[in-house]
Amino acid sequence: MGVYQFRLPDVGEGTAEAEIVAWHVKVGDVVHEDQNLVDVMTDKATVEMPVPIGGKVLALHGEPGDMAAVGAVLVEIEVEGAGNARAAKPAAAPAPIAAKAPEPIPAPVAKVEAPAPKPVAAPQPVAVQRTMTGGKPLASPAVRARADELGIKLQYVPGTGPAGRITHHDLDAYAQSGGAIGSAAPAYATRDGVDEVKVIGLRRRIAERMQESKRRIPHYAYIDEVDMTELESLRAYLNATKKADQPKLNVLPFLMRALVKVLPEFPQINARFDDEAGVVHRHRAIHIGIATQTDNGLIVPVVKHAEARDIWDCAREVARVATAARENKAAKDELSGSTITITSLGALGGLATTPVINYPEVAIIGPNAIIDRPVVRDGQIVVRKMMNLSSSFDHRVVDGFDAAQFIQRIKGLLEHPAAIFVD
Amino acid sequence: MAEHIHTKVLIIGGGPGGYVAAIRCGQLGLDTTLVEGDRLGGTCLIRGCIPSKAIIHVAGQFETMMQAAEKGGRHGLSLSSPPKVDLAETVKWKDGVVDKLNGGVTALLKRAKVRVVAGWATFRDGKTCTVATKEGEVLITGEKVLLATGSLPVELPFLKFGGDVISSSEALSLLKLPKRLVVVGAGYIGLELGIAFHKLGVAVEVVEATDRILPQYDAQLVAPVAKWLEKHGITVHLKTKAEGLTENGKALRVSGGAKAELPGDKFLVTVGRKPRTTGWGLENMSVDMASPFVKVDEQCRTSMKDVFAIGDLVGEPMLEHKAATQGELVAEIIAGKRRHFRPAAIPAVCFTEPEIVSVGALPSGGANEIVAQFPFAANGRALSMEAGGDGGFVRIVAAKDDHRVLGIQAVGAHIAELAGEFSHALEMGALLEDVAGTIHAHPTLGEAYHEAALRALGHAIHI
Numbered sequence: 025m026g027v028y029q030f031r032l033p034d035v036g037e038g039t040a041e042a043e044i045v046a047w048h049v050k051v052g053d054v055v056h057e058d059q060n061l062v063d064v065m066t067d068k069a070t071v072e073m074p075v076p077i078g079g080k081v082l083a084l085h086g087e088p089g090d091m092a093a094v095g096a097v098l099v100e101i102e103v104e105g106a107g108n109a110r111a112a113k114p115a116a117a118p119a120p121i122a123a124k125a126p127e128p129i130p131a132p133v134a135k136v137e138a139p140a141p142k143p144v145a146a147p148q149p150v151a152v153q154r155t156m157t158g159g160k161p162l163a164s165p166a167v168r169a170r171a172d173e174l175g176i177k178l179q180y181v182p183g184t185g186p187a188g189r190i191t192h193h194d195l196d197a198y199a200q201s202g203g204a205i206g207s208a209a210p211a212y213a214t215r216d217g218v219d220e221v222k223v224i225g226l227r228r229r230i231a232e233r234m235q236e237s238k239r240r241i242p243h244y245a246y247i248d249e250v251d252m253t254e255l256e257s258l259r260a261y262l263n264a265t266k267k268a269d270q271p272k273l274n275v276l277p278f279l280m281r282a283l284v285k286v287l288p289e290f291p292q293i294n295a296r297f298d299d300e301a302g303v304v305h306r307h308r309a310i311h312i313g314i315a316t317q318t319d320n321g322l323i324v325p326v327v328k329h330a331e332a333r334d335i336w337d338c339a340r341e342v343a344r345v346a347t348a349a350r351e352n353k354a355a356k357d358e359l360s361g362s363t364i365t366i367t368s369l370g371a372l373g374g375l376a377t378t379p380v381i382n383y384p385e386v387a388i389i390g391p392n393a394i395i396d397r398p399v400v401r402d403g404q405i406v407v408r409k410m411m412n413l414s415s416s417f418d419h420r421v422v423d424g425f426d427a428a429q430f431i432q433r434i435k436g437l438l439e440h441p442a443a444i445f446v447d
Numbered sequence: 018m019a020e021h022i023h024t025k026v027l028i029i030g031g032g033p034g035g036y037v038a039a040i041r042c043g044q045l046g047l048d049t050t051l052v053e054g055d056r057l058g059g060t061c062l063i064r065g066c067i068p069s070k071a072i073i074h075v076a077g078q079f080e081t082m083m084q085a086a087e088k089g090g091r092h093g094l095s096l097s098s099p100p101k102v103d104l105a106e107t108v109k110w111k112d113g114v115v116d117k118l119n120g121g122v123t124a125l126l127k128r129a130k131v132r133v134v135a136g137w138a139t140f141r142d143g144k145t146c147t148v149a150t151k152e153g154e155v156l157i158t159g160e161k162v163l164l165a166t167g168s169l170p171v172e173l174p175f176l177k178f179g180g181d182v183i184s185s186s187e188a189l190s191l192l193k194l195p196k197r198l199v200v201v202g203a204g205y206i207g208l209e210l211g212i213a214f215h216k217l218g219v220a221v222e223v224v225e226a227t228d229r230i231l232p233q234y235d236a237q238l239v240a241p242v243a244k245w246l247e248k249h250g251i252t253v254h255l256k257t258k259a260e261g262l263t264e265n266g267k268a269l270r271v272s273g274g275a276k277a278e279l280p281g282d283k284f285l286v287t288v289g290r291k292p293r294t295t296g297w298g299l300e301n302m303s304v305d306m307a308s309p310f311v312k313v314d315e316q317c318r319t320s321m322k323d324v325f326a327i328g329d330l331v332g333e334p335m336l337e338h339k340a341a342t343q344g345e346l347v348a349e350i351i352a353g354k355r356r357h358f359r360p361a362a363i364p365a366v367c368f369t370e371p372e373i374v375s376v377g378a379l380p381s382g383g384a385n386e387i388v389a390q391f392p393f394a395a396n397g398r399a400l401s402m403e404a405g406g407d408g409g410f411v412r413i414v415a416a417k418d419d420h421r422v423l424g425i426q427a428v429g430a431h432i433a434e435l436a437g438e439f440s441h442a443l444e445m446g447a448l449l450e451d452v453a454g455t456i457h458a459h460p461t462l463g464e465a466y467h468e469a470a471l472r473a474l475g476h477a478i479h480i
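Quick mapping for you: the protein sequence lines, in order, are chains L and W.
Per the numbering used here, the first sequence starts with residue 25, numbered consecutively.
Per the numbering used here, the second sequence starts with residue 18, numbered consecutively.
So here's chain W without its partners, still in its complex pose (with noise of 0.2 Å):
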């Protein structure tokens, strides 16, 4: 007979979305079993986002020594001869802080007394699922239950993943450089990624089915990035279609394009995630879906009672941060408080060079409109880091009766760091006289977000 848990709430997937939502339940008091069949911390932490941004700072650092070894050096710094990448390390470290921060998380979820179970579940009912650990079958009964399951990468069927065609996850623990890298699909996966291995020397196209890169942004904030990716030397691929690969292999085929093959060593296929609704019993319960997705009303609740889901699982945005804020409020329902997910913006990163960020409303052209943008060409602290040259600005879309500020977008190198002042600004429900009022330090990219508010009210200091 396998043991049976009988635990308060049950939550399926370890990921940003279930460890958030286990470690509030512990500090609400709920006995509390979280299921993970991998590594805690979820697509993000093991093989998505921690590890993307460790492998591209370390392309950063290595474009920036190579600019130092090419002849006559860059700003008086040189050197005498070019750096060399050993990426089996480069992964070990990667490694090493997807380790520590995995590690951080087990050490939260002990300290929350959340009970984890290692293995895979599959629901056989509503509330109980068989968990297969390497102690034998465990039988796990919740009286609440949250699903986090996630999402998985989107394969094609005419280039599945295996050999040379890999997706983000393989493209993060390669030990060795591909000399050529192939990119399936513009989105922000393949482009931080194909931008990262370019900087480290490997010759990188971009096939991409649509005619534009980032088709979520609107096209005056992709400019920059598609401007960098033209000046150093990234051929995207535009309105073309990826077919499979050829024959031996080494090449892939595509349609549409002014090629037939793009020669390869790795292909990455990066075209979108989808929620992982199979393989774990779904079908067993009676959840209703919004295909592909499990739907879910204001309070994550789906169609069966004292059922939850969040994250991935549920909609777009496919975000680590919407799918921890929403594991945060299923533990708060499940303890009584009255929640809802209604957030004012869901913050949008893209660390593509230079980097995306977008809150809230893009301009719509409509009448009650104001919109105004500031160049970090006329920020000093940009200029003074090499960020002034490659495009980038500050915009703010605000309504021009009330002046309430409708949406935020950014696009330069390092403003990554500014969505949370950006999300706040939406969330507080400022206005443009909000932001103008706020003193913004100096020498500081924010400074720029300032004089975007200054310029939408007609009276920017520095332009």
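The following block holds chain L by itself, in its conformation from the complex (with noise of 0.2 Å):
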């Protein structure tokens, strides 16, 4: 028998770190051959890690949430033959960083056989309460008759006895509480406690990158109203019309074609600053991040070189990574390399939003829900499609004049559709 050690391989791209996400395995598991053993994640993406070898898991390295090096030992396994352990010691392997001292896990009670012959340590039991985790309240039939004829539900009820059981004395001290007396239900409790949830993951990645953008960018935000009417007719208009294998388009791709037509004019704004270098990069490409909610938090999958998309191209393309992203299957460089992004609330409603800027970036545009708005035309008022437009510019590099013109003309595109399409 010898030990295997599963270090953390090189996942690529240059990675020199990667953040334990989840264990898959405990200490005394026996896993076999390719079976999940750890998901880290690099930059946004999650890779799940195959154990190459089979065996007996002696040690886990690292809790979630820390970081490990690449190289680093996460897994030791005791595997049949020599194993690579005495080969790999020389070999200085970086310590996981900030790896926790392996946590002393007791070894596995001894599967109890049914029925139990011998003497096994029995454990002792615990005060756990049942009746909080969905078990029936366990109680007494004089206890019980007593809750009924209180209208207490004893579900409510911590027990102090063994294993969770009330007692008539619980039972007074509950309705003493304030449990209620005389209603079926206690609709208001106290509660108390506060969950802790470790910011690690996709979360910890995300904070960051909010930070990162806050504290360096001082953001410029800017609204304005659009008249959507005749983009909303046109939109009907093709959605009825359109090919079988057409997608089915919503606002983004027209604003998309907006971007694109106007961004050339104003270079400034489709760039990403490298405020330490102090150089601004001014992309001719223009790749469009689209901010998308999926299960674990936000995602920016990108849809690259927008300008040569048309727009039912546009459409697909965006509902294509934004369904990767939330399926988790978005490759490394379909969620990196935008140069302004979108991000839309538009189905929930609100007023109006301060995007936060996808650093390094230098813009984002936030449209906002399109209402049917009395406005005033020609001295009439009429009811028009009025849409709110949300933008948040990096101070630094966009000044305020050129962002709002910028704007200006992205709102003169959407009001007048067919300009979007005329060159």
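Treat the hints as calculated values from the structure; they're not laboratory data.
Be aware that one or more of the hints could be misleading.
Dumping the calculated DSSO-like pairs for lysine-lysine here, alpha-carbon to alpha-carbon at most 30 Å [unchecked claim]:
| id | chain 1 | residue 1 | chain 2 | residue 2 |
| --- | --- | --- | --- | --- |
| 1 | L | LYS160 | W | LYS354 |
| 2 | L | LYS80 | W | LYS417 |
| 3 | W | LYS248 | L | LYS160 |
| 4 | W | LYS276 | L | LYS160 |
| 5 | W | LYS177 | W | LYS322 |
| 6 | L | LYS177 | W | LYS312 |
| 7 | W | LYS417 | L | LYS177 |
| 8 | W | LYS276 | W | LYS312 |
| 9 | W | LYS127 | W | LYS109 |
| 10 | W | LYS177 | W | LYS196 |
| 11 | L | LYS177 | W | LYS322 |
| 12 | W | LYS25 | W | LYS196 |
| 13 | L | LYS160 | W | LYS322 |
| 14 | L | LYS177 | W | LYS193 |
| 15 | W | LYS417 | L | LYS50 |
Residues from chain L that face chain W, not an exhaustive set, calculated with beta carbons under 8 Å [as the list claims (entries may be wrong)]:
| id | residue |
| --- | --- |
| 16 | PRO165 |
| 17 | ARG170 |
| 18 | GLU173 |
| 19 | PRO384 |
Taking CB as the label site, the calculated pair distances span [unchecked claim]:
| id | chain 1 | residue 1 | chain 2 | residue 2 | range |
| --- | --- | --- | --- | --- | --- |
| 20 | W | ALA19 | L | TYR180 | 48 to 58 Å |
| 21 | W | ALA307 | L | GLU87 | 47 to 57 Å |
| 22 | W | ASP314 | L | LEU372 | 33 to 43 Å |
| 23 | L | TYR180 | W | LEU125 | 36 to 46 Å |
| 24 | L | TYR180 | W | ASN301 | 38 to 48 Å |
| 25 | L | THR191 | W | SER303 | 42 to 52 Å |
| 26 | W | LYS117 | L | THR191 | 55 to 65 Å |
| 27 | W | LEU125 | L | ALA213 | 40 to 50 Å |
| 28 | L | GLY202 | W | LEU125 | 42 to 52 Å |
| 29 | W | ALA124 | L | TYR180 | 23 to 33 Å |
| 30 | W | ASP314 | L | THR191 | 22 to 32 Å |
Quick reminder that beta carbons are idealized off the backbone N, C-alpha and C, glycines included.
Using the hints, build the complex out of the two chains.
What follows is the structure, given as structure tokens:
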């Protein structure tokens, strides 16, 4: 029997370290070849780490949230044969960064065969509160009858007896503490306790990015309203007459095409600002980040080269990358490299937002909900489909005047949608 | 114009559900009327539990005497000639027991000031029924109505009751022993009666359509019964279907098994019971059904306001003690108390050879589960009354994390009497330590229960 040390492999693209997101095994588990050991996260991609050899897990190094350097030992596995532990020792394996000393994990309790013929180290009964975990409340018939009479649901009564059994005393205490005598269900009960949620994985990445953006960038927010009546009418027409293989259009591809049309006039806005080097990289390609809500949090997949895509293609590509992001299948290059970002909360409503720039970009555009609003046209009050358009700019490299002009140009195109398509 | 009785509580059915409810109503001072078309006491008392236990008792005594009459006697007891059975006399004694209990129920109802109307009730609407009594038709309207009409044996369409095809009711009132008895259905009723008749000297065969006897229990619990049947020559034809009698009516046609016909003088059909939902005007009330039962909530309320239902009519398990508990509960709810039917467990007892008791959960094989058993072969009291050799045991199922007792089962001679202790443990929310910490008297069968708890904790003494 030998020990096989599983080290964090080079996950590519110059990654020096990765964050442990979740362990899939624990000490004492017997693992087979190719079983998933651990999820680690690099940049924005979460990678599953399969074990190359079967055996018994002896030790895990690091906890979820810890950073591990490439080459650091993550798992030690007892394997048939010699293993790789000795051979690997001389090579100074970098210790896991910020790894705590491995927790002493107790050896697994011997499995109790049924029926248990010989004495086993039976665990001491724990005063678990089954009442809160869905099991039937444990109480004698007399206590149950009294609870019925008092109109108290025993599920809510904390039991102090063995195994959480509810005693007459517990019932009295609950009734006295305002547990609502006489009402069938105590509707208002005080709650105590704080849940600690570790900010790890994607959530930590989001937190860092947001912090970085707000700390470095003096945001300049600009909001104007746009009359979308004509665009909406065009959009409805296109959706009604589109071919079967063409995607359904929402507002986003129109906005993307408008950006594509206007951005060449405002090269300072389609840019990434390397503020440490003091260089603005003005991109000729227009790679549009699409802020996407996923089950795990905010991800920004990128539609590459929007300037080379027609409106249908834009719509198709938005749907594709957003779906990939939601299903956690987006490739790394689909999640990076954007030169400007769109963030839309349109469906949720809301008057306006002050979006946070996707650092190191210098601008972000946030269309809001389109609603019917009374507006004055030619001295008459008419109902128009109005949309507020929010935006933020890096005021260090984009002047307020230019930003306002840029938005006014976008507004003009959106209000006269044919202009989007006229060269 | 028929007499019209207005009553606070109208109870239909004088079985263990209805009469217990009536007595409790009387105790609580409610004006109560009970309608029963047959004798008071219901299936259980008149033609079920009690009479069958009486017959089983006599059969056991006869078996012991037969053993004493064998060559060399038994344990020093011997009879010079074999004993004889006069079944008519046995049934007379059994009827005496039934009469005594029936009289007792009548007296208790009287003392509780319950008005008992003898006759068959038919509902015309949700609150009013007509009853055809000897004295003429009576109209009864109740503010609150309790339906406790019980259940009936299930009849097979191709093997209808009548003649030599009998249900458990007729089996308990036979005046002459058949030579050969064929039992259809290896549930607890069929096996209890089949075993009793076997002990009385009848050649018994059992037909069962499924692949096992007593399907509500696990194989381990049933094994001693299967062993007893085999040892005593009661053939159980598993996976065999009854198909009807032969033309001359002297044999049962079967399929699926080794034989095509099973000859018999009587054919006892015990394939289950069904709620009595017809013949009393249920269709004129608008209560919801949970097919085939009447639907009730945790307070035994039907979908109709102030109409309650209990017992076999409302669902499994169809057991006397469930009906009686629900009867008490409904009486108390009507009297204005808050009650719910939420037992921790409903015990089930099976008077086979040996007996089976089951309370609460059977082993599930789950990870958070301790299962421990203690054999009666290691229990002094069992050995001293020949109850140690049938493979019986007590088994405890408990939660591994907090040691809460989840279920208790036992199989063995005379263990039905332990049912109460088992149920009590579950109702009180006992832990293994509670059972282990209770001194059990020596020498009793209950010591095996104590030892099973000790064994679950890893330190049984006598094994």
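How the hints compare with the structure:
1. Simply put, LYS160/L and LYS354/W have alpha-carbon atoms about 23 Å apart, close enough for the 30 Å limit, and the pair holds.
2. Taking the CA atoms of LYS80/L and LYS417/W, the gap is about 25 Å. The hint holds against a cut of 30 Å.
3. A C-alpha spacing of about 43 Å is found between LYS248/W and LYS160/L, which places the hinted pair above 30 Å, so the restraint is violated.
4. Proximity of LYS276/W to LYS160/L is assessed by CA-CA distance (about 50 Å); at most 30 Å being required, the pair is judged violated.
5. Taken as a hint, the LYS177/W and LYS322/W pair is broken in the structure, with Cα atoms around 38 Å apart against an allowance of 30 Å.
6. Between the alpha carbons of LYS177/L and LYS312/W the distance comes to roughly 23 Å, so the proposed pair stays at or under 30 Å and holds.
7. At most 30 Å may separate the alpha-carbon atoms for a hinted pair to count; LYS417/W and LYS177/L meet this at roughly 26 Å.
8. Between LYS276/W and LYS312/W, the direct Cα distance comes to roughly 43 Å. Violation of the 30 Å bound is thereby established for this hinted pair.
9. Proximity of LYS127/W to LYS109/W is assessed by CA-CA distance (about 26 Å); at most 30 Å being required, the pair is judged to hold.
10. For the hint linking LYS177/W to LYS196/W, the alpha-carbon distance of about 21 Å falls within 30 Å, and the restraint holds.
11. Distance restraint check for LYS177/L and LYS322/W: the Cα-Cα separation of roughly 24 Å lies within the 30 Å cut-off, and the hinted pair is therefore satisfied.
12. Distance restraint check for LYS25/W and LYS196/W: the Cα-Cα separation of roughly 53 Å exceeds the 30 Å cut-off, and the hinted pair is therefore not satisfied.
13. Taking the CA atoms of LYS160/L and LYS322/W, the gap is about 29 Å. The hint holds against a cut of 30 Å.
14. As the CA atoms of LYS177/L and LYS193/W are separated by approximately 57 Å, the hinted pair breaks the 30 Å bound.
15. A hinted pair counts as satisfied when its Cα atoms are at most 30 Å apart, and LYS417/W with LYS50/L qualifies at roughly 21 Å.
16. Restraint check, PRO165/L versus chain W: the minimum CB separation of about 5 Å is within 8 Å; hint holds.
17. Contact between ARG170/L and chain W, as hinted, is not supported at the beta carbon level, the nearest pair being about 10 Å apart and thus beyond 8 Å.
18. A cut of 8 Å between beta carbons decides the hint on GLU173/L: the least distance to chain W is about 5 Å, and the hint holds.
19. Annotation: interface hint on PRO384/L violated; nearest CB of chain W at approximately 51 Å, more than 8 Å.
20. Between ALA19/W and TYR180/L the C-beta distance comes to about 52 Å, which sits within the given range of 48 to 58 Å.
21. Checked against the hint of 47 to 57 Å, the C-beta distance between ALA307/W and GLU87/L comes to roughly 51 Å, which is consistent with it.
22. With their beta carbons about 42 Å apart, ASP314/W and LEU372/L fall inside the hinted range of 33 to 43 Å.
23. With their beta carbons about 40 Å apart, TYR180/L and LEU125/W fall inside the hinted range of 36 to 46 Å.
24. For TYR180/L paired with ASN301/W, a C-beta distance near 42 Å keeps the hint of 38 to 48 Å intact.
25. For the pair THR191/L and SER303/W, the beta carbons lie near 44 Å from each other, so the given range of 42 to 52 Å is met.
26. In this structure, LYS117/W and THR191/L break the distance hint of 55 to 65 Å, their C-beta atoms being roughly 42 Å apart.
27. For LEU125/W and ALA213/L, the Cβ-Cβ distance of about 45 Å falls inside the hinted range of 40 to 50 Å, so the restraint holds.
28. Hint check: GLY202/L to LEU125/W, Cβ distance near 44 Å, so the stated range 42 to 52 Å holds.
29. At about 45 Å, the beta-carbon gap between ALA124/W and TYR180/L misses the expected band of 23 to 33 Å.
30. Against the hinted window of 22 to 32 Å, the Cβ-Cβ separation of ASP314/W and THR191/L comes to about 28 Å, which satisfies the hint.
Checked against the numbered hints given earlier, the structure breaks hints 3, 4, 5, 8, 12, 14, 17, 19, 26, 29 and satisfies all the rest.
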